[in-house]
Amino acid sequence: MRSLSQLALQTADEIPGFGDDPWWLVLLKSVAIFVLLLLLTLFNIVYERKAVARMQHRVGPNRTGPWGTLQSLADGMKLILKETITPRNVDRVVYILAPVIAAVPAFMIFAVIPLGPEVSIFGVRTPLQLTDTPVAVLLVLAIASVGVYGIVLGGWSSGSTYPLLGGIRSTAQVISYEIAMGLSWVAVFLFAGSMSTSQIVDAQERIWYAVVLLPSFAVYLISMVGETNRAPFDLPEAEGELVAGFMTEYSSVKYMMFFLAEYINMVNVSAIAVTLFLGGWRAPWPISAIGDGYFNTGWWPLLWFLAKVILLVFVYIWLRGTLPRIRYDQFMRFGWKVLIPVSLGWILVVAAMRLAFNEGLERRDILIWGGAFVAVMLLVSLLVPERKPDLRGAAPPAEADLTAGGHPVPPMPGQESVAGRVQAAEPSAAGEERLNA
Amino acid sequence: MFAQAVEAAGHTGEAVVFWSTAPIAVLSALGLVVARKAVHGAMFVAVTMICLAILYFSLEAPFLGVVQIVVYTGAIMMLFLFVIMLIGVDVSDSRVETIRGQRVAAVLAGIGFGLLLVAVAANALVSEAAGMAAAQPEGNVAAIADRIFSRHVWVFEVTSALLITAALGAMVLTYRERLFRRPSQRELAVARFRRGGTAASPLPSPGVYARHNAVDTPALLPDGTPSELSISPVLVARGTVRPAEQEAAQIEQLEQQVVELTGEPLDESTRERP
Amino acid sequence: MSPTPYLVLASILFTIGGTGVLLRRNALVAFMSVELMLNACNLAFVAFARMHGDIDGQVAAFFVMVVAAAEVVVGLAIIVTIFRTRRSASVDDASLLKL
Amino acid sequence: MTLGEIGEQTVSTAGGVFSAAWLLIVFPLIGAAALLLGSRRLDRAYGVLGCMAPLASFVVAAALFVAMLGREPEQRAISVPLYDLFAVGDYQVGVGLLVDQLSIAFSLLITGVGSLIHVYSIGYMAHDENRQRFFGYLNLFVAAMLLLVLADDYLVLYVGWEGVGLASYLLIGFWQHKDSAAVAAKKAFVVNRVGDFGMSLAVMSMVVVFGTTAFAGVFPAAADASEGWLIAIGLLLLLGACGKSAQFPLQSWLLDAMEGPTPVSALIHAATMVTAGVYLVVRSAAIYAGAEPAQTAVVVVGTITALMGAIIGCAKDDIKKALAGSTMSQIGYMMLAAGLGPAGYAFAIFHLLTHGFFKAELFLGAGSVMHGMNDEVDMRRYGGLRTVMRTTYVTFAAGYLAIIGIPPFAGFFSKDSIIEAAFANNFVAGLGALVGAGITGFYMTRVMLMTFFGERRWAPDAHPHESPSVMTVPLWILAGLSLVGGAALLYVGGGIVQWLEPVTGEEHVELGIPVWAMTLVILAVVLVGVAVAWQIFGRQPLPVTAPAGSPVTVAARRDLYGDAVNEAVFMRPGQYLTRSLVYVDNRGVDGAVVGTASAVGQFSSRLRRWQTGFVRSYALSMLAGAAVVVIAMLLVRLP
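Residue numbers (the numbering used here), protein chains in the order written: chain A, 1066 to 1502; chain F, 1359 to 1632; chain X, -13 to 85; chain H, 64 to 702.
The hints are simulated quantities; they were obtained by calculation from the structure and are not laboratory data.
Quick reminder that beta carbons are idealized off the backbone N, C-alpha and C, glycines included.
A couple of the hints might just be wrong.
[Said to hold, decoys possible] Some, not all, of what chain A presents toward chain F, calculated at C-beta under 7 Å:
no., residue
1, P1199
2, A1207
3, S1210
4, V1217
5, T1236
6, W1350
7, I1352
[As the list claims (entries may be wrong)] Some chain X residues flagged as far from chain H (calculated, every beta-carbon gap over 10 Å):
no., residue
8, T(-10)
9, V(-6)
10, V7
11, L9
12, R11
13, C27
14, H38
15, A55
16, V66
17, F69
Given the sequences, and given the hints that come with them, work out the whole structure.
Quick look at the structure:
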């Protein structure tokens, strides 16, 4: 007897070692992942509050449980028990569906994350991973893109201005940063020669991709923060501008599910970062050398994996405690005009390197030729004369009244708009009138 | 024996998947046609597409299945939602048909055409599926990549050119020329402080009376007059501002009700007189 | 499993999409119906691919997706532009080109 | 290798320096391209750039001439094939050059005199802001003219023929801001079209009759062709020649063409282009040999024009128009001579060359006078200039003596020869030529006296002065040529008659009286003309405004009613014709067309109802169409 999802996949080509689990093991793994994620969420909330408090020279929660560790549990209980408020002009079905859509995919992503190598569970040898496919990483992308629907629909169905704005922002944000994210993965695919998570982890046995593909890793780190709507990119729920963004009209359990989704997504993208760039469940270097890789076998890797994930979560907290929120247009500009072009250029370089390796070029030769190319480009750039605008004798641009007698027309070349200059000096004439009124 | 069992299991599995997803796909497709709101329609389409993705998996095309979700559900439908939200959330279609006879003709033509197609598809002499095993010995992804980058590489390049052209076209279409230079944040800040007065601080928030979310109600100043500054000028222009006096009157009414019910006069110190 | 059910499903979806185009005045909904039709075609492609044991069907579906993406980008831009100038997203309102 | 025969000699292929003959045309072409297409910055070097091309061509022509001298007289015709233009069936056109005695003489004249005029123009056009364009046009003209005379095929010749027409048009209208110049250019263009029409018909006829337009093919075949065709072709060629050379009845444009800058008048409308007609007739000697009536027509046209031009020249107060009349007259002489057949061809060319010298000299002198007199052209405003413009006076006088035919100046030899040949051939023609010579003496003396002698009738703001040396040096050279050119051409190395003999053939006709007696008669007639002029214009002061004059004078002032005749004979009937055609077009043709169109329109406005403008209706029809396709496919598949 096989589970339904595996039935769907069974005719497709498979990753060796997967798809042979007995049904009870699949069930066991699923439940374990679910519990793990819930626990991680509880932990992360306290972790974040404590860490941010330390950064701000406070103590943080310290009443509930030993050192306040049960604070998040108490908060969760409180949220569940709170009154459910449903505003009058919401789109009821979508309003209720949205948090579910947000939360469910968040749990699904962990299905393809390898938590460890093969272990023995009740006498059955099985990898510490629910399932894997040749397109596992793309599957992650697919599931994540479904999760966004929760945010967008939640924003729309609330029937209110701020949530809608939050929803729109989130749409644009996710679409934009998904591109950079996907591009940062391409380099990994090129090196690993696979899109299966377990095989990518295997391919990092010698060296982590975070080292080899540092630019990709950097792009991924940035875009993963954008993907999860976390500070400094938490624009869909920017408190200062949109109250609470798409969550403004939500309360009680539904609010909690959004909250849950956000924290699980944080863990998800961190886990992906660990899998794709930080060697997955492999022990970091000095430890991995001990005992001929003893710490890379058995249940040990689970420890390394969780440690790495929690480290990345700390990066999230750190960013939140350090950086102010970025302005929306700056955020979009950064994504489209910096991250994506950089990723594209870097993929070109990676592809060229891969090709060179495949063609059998020596690493030394590549370095020499690459260095020579860069040096030549630098020298050539010295030859190009620096162009300085010659301002001497240049007539000041003629001023033109753009709105004279009706429709505004754009200034001709060489003209400068009077209104534009006034605008620059007095940015908001209308606002001022409003103030004087 | 074992192979046959696997085969049979595969078939039943596929049939289960098909017969559980296909009705959902059809129903949500119908949902698109009948949905009143465009957002609902978009959601229905997204469901259909996810169903199709699952069917692709069972048709031994996992790459296409994932791409279906990423591209259609994740990008294209998201773009649709984005545009729907941009150009009017409340736009729900009126159901009155304006073209005479269009609805009847369309339904008739649709049913007729559909029956025809189904008849063709059902009666076509279709052989048993050959399966993809022979076509993708090194896996689905490798097979597709091999085909795209060898036999169809020209098509691939052309479609990439098409994509770039489309992106440029969309930018050109939606581009709005800026008549004036946009004031920078710094200039705005400088101008605000130079103007002096209360402008340096943020504008006051709208009035909140714990009765509704009330961006449309002006805040009351200590002397009881409503503050125009607390209301977005957009709302003023639309004429959807709730007058402050009315609020104040209602509050007084409430107070009186409270006094009548409880029989105790309100504590003067807690009262905010308008 | 025989490809016939898939083909029938594709036919039904295609027809529903076509009817949607005919019935709905909202340009966006009509557009989504077109996407539905494209998807139905893709399903047929993939089903045929497995029927013949040839990957070309999947490649064709892949290209259809790419072209659909390009089409959506331009189409939505046009809808947005029309909406900006005419405050309407109804396809019936764009009937001024006739004499 | 022989390529056929032209005239009485065989043609050999190019070799040595001759294979570079195409450089002759290419140099001015490059110059024109550089000046016309190049940037305005070239304007600084306009003189050098403009003069380099014709000078280079002159060097090439001189080299070719020297090389030709080194060959046997029967071996001097050299064909320089360049490339095959096109081939349609049996009809082939190759672009090639024919370098023989005739074309080399022309080339030397064009490039030599052309160079001098280019140099002169440096000074004359120094203050014109469009001088770069001017020199570009001049170079273009030189290139086209050289192509005309060097072509070895009537079709290629026609290209040059149209090219010089274009250059002439552009240069006449060079000062297009002046209405008169624009109109004159247009007139020259239109009148030339009439001539060109004849020319093109002639070329087409050749294709029909001979199957080729190459000289090497046409000339040998002409001997065997039917006389009717030859007469037709000869007359058509004559029509072309009349247009280009301003011969009766297509003479009217030349007088107006004086609106162009004076160097243009000197180069194009005196020395070179207007003689193209003469060249054409001489070159087509083989055709005229078999077409007696056509030859007679040439003589008639030449005689009439010689007299008409002379009479018109007598009445004009505009110095350039007087000289233009003279040009008409002198070209009439050439045509007359060319019409005499082999007996006159060499003399026609001889006179053409000497005329090129002294008429260029006269025009340039006139230009020099105008240059000193604020562009005043009215001779009644001149007078007494011989003291202030000595160089111009002396050189002009040389040209004057040459044109009226005083020995030993150039015109004496050439004109004498023509008149003698004319008398020997036909008494009437001879008499006309003789009378013409007398009138020439009259009007040239008039020009001379009115300009350089008598009291000063200058305009108040006129300050005549001598021109700069860049203008006077060409004047001196041309004056020298006017002095010695005739004798040199006639006697040095056997003379031009012998030189041209292989091309034109030779025929000696005996005059009834001794040659010296004829010469004396001619001289006497000329001197009578001079004396009459002296009597009228030298003895008494001239009124500044022209007197009314006799009917003959009035007629002459009006170009002998050439324009009126043109209008009555050609323009009015033409107008009636076009009007009736317009009527037919409007009512008949358009009626049918419009009727059809409106029928279609009505039909389509019915069809238009299908066009609702609703996308969804269209989509519905598309779905219906798709259904039809499915049904059709089902039906086809059914057994």
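Against the structure, the hints come out as follows:
1. At its closest, the beta carbon of P1199 of chain A sits 5 Å from a beta carbon of chain F; the interface hint therefore holds under the 7 Å criterion.
2. A least Cβ separation of about 4 Å between A1207 of chain A and chain F falls short of the 7 Å threshold, and the interface hint therefore holds.
3. A distance limit of 7 Å between C-beta atoms decides the matter here; for S1210 of chain A the minimum to chain F is near 3 Å, and the interface restraint holds.
4. Given the 7 Å rule on beta carbons, the hint for V1217 of chain A holds: about 5 Å separates it from the nearest Cβ of chain F.
5. Proximity of T1236 of chain A to chain F holds as hinted, the smallest CB-CB distance being about 5 Å (cut-off 7 Å).
6. The beta carbon of W1350 of chain A comes no nearer than 32 Å to any beta carbon in chain F, farther than 7 Å, and the hint placing it at the interface is violated.
7. Look at I1352 of chain A: its Cβ only gets to about 34 Å from chain F, farther than 7 Å, so that hint breaks.
8. Every beta carbon of chain H lies more than 10 Å from that of T(-10) of chain X, the smallest distance being close to 17 Å; the non-interface claim holds.
9. Chain H leaves V(-6) of chain X outside its interface by the beta-carbon criterion, the shortest separation being 14 Å against a cut-off of 10 Å.
10. The non-interface label for V7 of chain X is inconsistent with chain H: the shortest C-beta to C-beta separation is roughly 5 Å, within 10 Å.
11. With a cut of 10 Å on Cβ distances, L9 of chain X falls inside the contact zone with chain H, its closest approach being about 8 Å.
12. For R11 of chain X, the shortest C-beta to C-beta distance to chain H comes to about 7 Å, within the 10 Å cut-off, and the non-interface label is violated.
13. Every CB of chain H is more than 10 Å from the CB of C27 of chain X (nearest about 12 Å), matching its label as outside the interface.
14. In this structure H38 of chain X is separated from chain H by more than 10 Å, as the shortest Cβ-Cβ distance comes to about 19 Å.
15. At the 10 Å boundary, the C-beta of A55 of chain X stays outside the reach of chain H, the nearest C-beta of that chain being 22 Å off.
16. Distance check for V66 of chain X against chain H: the nearest CB is about 17 Å away, which clears 10 Å, and the non-interface claim stands.
17. Non-interface call for F69 of chain X relative to chain H: holds, since the shortest CB-CB distance, roughly 16 Å, exceeds 10 Å.
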